[in-house]
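Peer 1: Residue numbers (the numbering used here), protein chains in the order written: chain H, 1 to 467; chain C, 468 to 668.
Read the hints as simulated data drawn from the structure, not as lab findings.
Computed from a predicted model, the values in this text were never measured in an experiment.
We treat Cβ as the ideally placed atom computed from N, Cα and C, and that holds for glycine.
Check before you lean on any hint, since a few could be wrong.
As the list claims (entries may be wrong) - Here are some, though not all, of the chain C residues that point toward chain H, as calculated from beta-carbon distances under 7 Å:
1. Leu539
2. His540
3. Ile542
4. Leu543
5. Leu573
6. Phe578
Next come the chains, spelled out residue by residue.
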Amino acid sequence: MNKKFRSLPTTRRYKGLLVEPKIRNFFTGRIWLRRDTPFPQEKINTYIQHHYFEVLPAVLDQPIRQCRRCLNTNSRKFVSFHCAKCGEICHYCRYCITMGRMCSCDELLLWKNEHPQKTPQSHTFHWQGQLTKNQARAAQELTRSILQKNNHLIHAVCGAGKTEVLFPAVYEALQLGKRVCIATPRTDVVLELFPRFQQVFPKTCIHAYYGNAPQQQGFAQLVLATTHQLYRFENAFDVMIVDEADAFPYTMDEALQQAVIKVKKKEAPTAYVTATPSTTLLTRKTKEQWGYSFIARRFHGQPLPIPTFQALWNYEKTFQKGQIPIKLRNWLQQKLTNNEPFLIFFPTIDLMEKAIPLFQQIDASIAAVHAEDADRKEKVVELRNEQRKGLLTTTILERGITIKNVQVAVVGAESSIFTASALIQISGRVGRNKDFPNGDIVFFHHGITAEMDLAKKRMLDFNRQLQ
Amino acid sequence: MQQKITHCLICERSLQFTFGWKELFKRELPKMICESCEKKFQRIETQEEEGTVSLFHYNETMKDFLHRYKFLHDILLAHVFNQVLQQHLKHEKSIIVPIPMHVDSLKKRTFAHVDELLKAAHIPFEHHLIKITGEQQSLKSRQERLQTPQLFEIIEHSKIRNKNILLIDDIYTTGTTIQHAKRALKEAGAMEVRAFTLIHG
Ligand SMILES: [Zn+2]
Ligand SMILES: [Zn+2]
Ligand SMILES: [Zn+2]
């Protein structure tokens, strides 16, 4: 099918067009829907006439159908329909639709000019903390890799303090005028990192991008973004850092890689930070000779609490009958008696919703949280403030949260949603505080899976490295 | 539609198929959403408006659905209610007439959302109305709405004279749209005009 894109009259580039900083700051490194910018259409048209933008079709048809914004080519994710705007059959991508639907007759804008750093931003580094020996070594190795434009993998135990490890390398890169992006799959993690980076780099213009983030002013030399928001950037960054790279399901590996390649400049190095690197990542590390840092020691120096396995046969039926399985009930009673906060992970929302009234009969302050729960953050804060005894949760709380002296149970640890990497992250919630480096982590199960064994083995490996 | 839907249109969970028994023998349309999403929509037990039947309450899930369908323009979501709309409308004897969109809004949205709901449910319909004002009813005060002279024109009077008509809209909020359409059709000689909306706001 042939789409006719309106070809604009080619005016010779008028050198005198004074580029507004607002426009330049906004569009540098961005790929944006033409009819939906925060600027008046006429203004955008003027810049197009002066060749500041490349105008691209939103959906490519050749050689295969591809979304030009997120690069998705999965045909299941495209919808074809008779479009009342252009009068033809149009196609749109459902993969990135939450950022505004774009169909075949829509156009994307790509800013062609590099951002001229006439007056480089000045940066300061405000951090009073002290890196442990392990952190310092990893920080040095990461900085070296980035300066040499080499990729890098930081493989760090949960609770190693990996954000601090990033600070020196990020500072170094910023001072050299490089644009840095830290991407992570979860909005919660972006929201947690944003104030920390603002504190450490008080003079740096930092933007945080996640779903429904407010519009931010200026040219951000440091960008924190959910991996989903990366789709709105292209050829933008001199340094890419992918945090919590393992939070993706395995099938997403490729989509993530593609997104990373798209948003970074060609020569730009990428660093991955994770407690549970996938085999793909480890293979690439070896094959492509990336830099590598391994931190087995938690920042407080104590070993990881190791999970114990407890059979909880037919727990689903017991919940169906309106009872809490006896072993789980005993565990709960013990935590309540000791007055220790707890998290209990469930494999599905359905099972959790069946269970929550039973727990609330025992203690009314117990609440349940899941991904679409609008009050998730408040409930976690209430747990931290000891206003709640404990929470039931789906895997949504598997990472990013730190609660002093928290005790953790996994119900149905054999379920397929609990991969080794998820179980390691969940176990990693325990013993993070230096005053409470121990804690209980129990996998309640209806049969032991290979993933459970693997998770335990990986954690024992970390601890073995300490000796 | 272009292809078989294998995942819930709302939550993306993979759909459990019962080997298409029902589809084959009862000629039912395929299910497009999972059970847990289906449960979150709330059916209306007792009708509130005279002469208008509505199927669902405007709860959070429905709000979210309408947002994704009408404002994010995800036309595929027209299929979410395919089965329930088909059940309700397949034996309808009156002429089914969707509330039309103004031509400017149609261009902007790229599809007529009421038409698409009906198409997804395999319900035949006819257009007999033209929307003559592009202004949104919900942006006006009650006073202004009542004073609005006429929102619709009839395409061809002879086609509706002495006919029974069932008007279809996505949501019943103030009732103004339905009232205007009813009046226009009655004045043009239609016999009985009832209305049906997916949602009661
Ligand atoms: Zn896309
Ligand atoms: Zn079109
Ligand atoms: Zn669903």
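Peer 1: Take the hints in turn and mark each one as holding or not.
Peer 2: How the hints compare with the structure:
1. Leu539: holds, 6 Å
2. His540: holds, 5 Å
3. Ile542: Status holds, d = 5 Å.
4. Leu543: holds, 5 Å
5. Leu573: Nearest chain H Cβ about 5 Å off; hint holds.
6. Phe578: Phe578/C check passes; min Cβ-Cβ to chain H is 6 Å, inside 7 Å.
Checked against the numbered hints above, the structure violates none of them.
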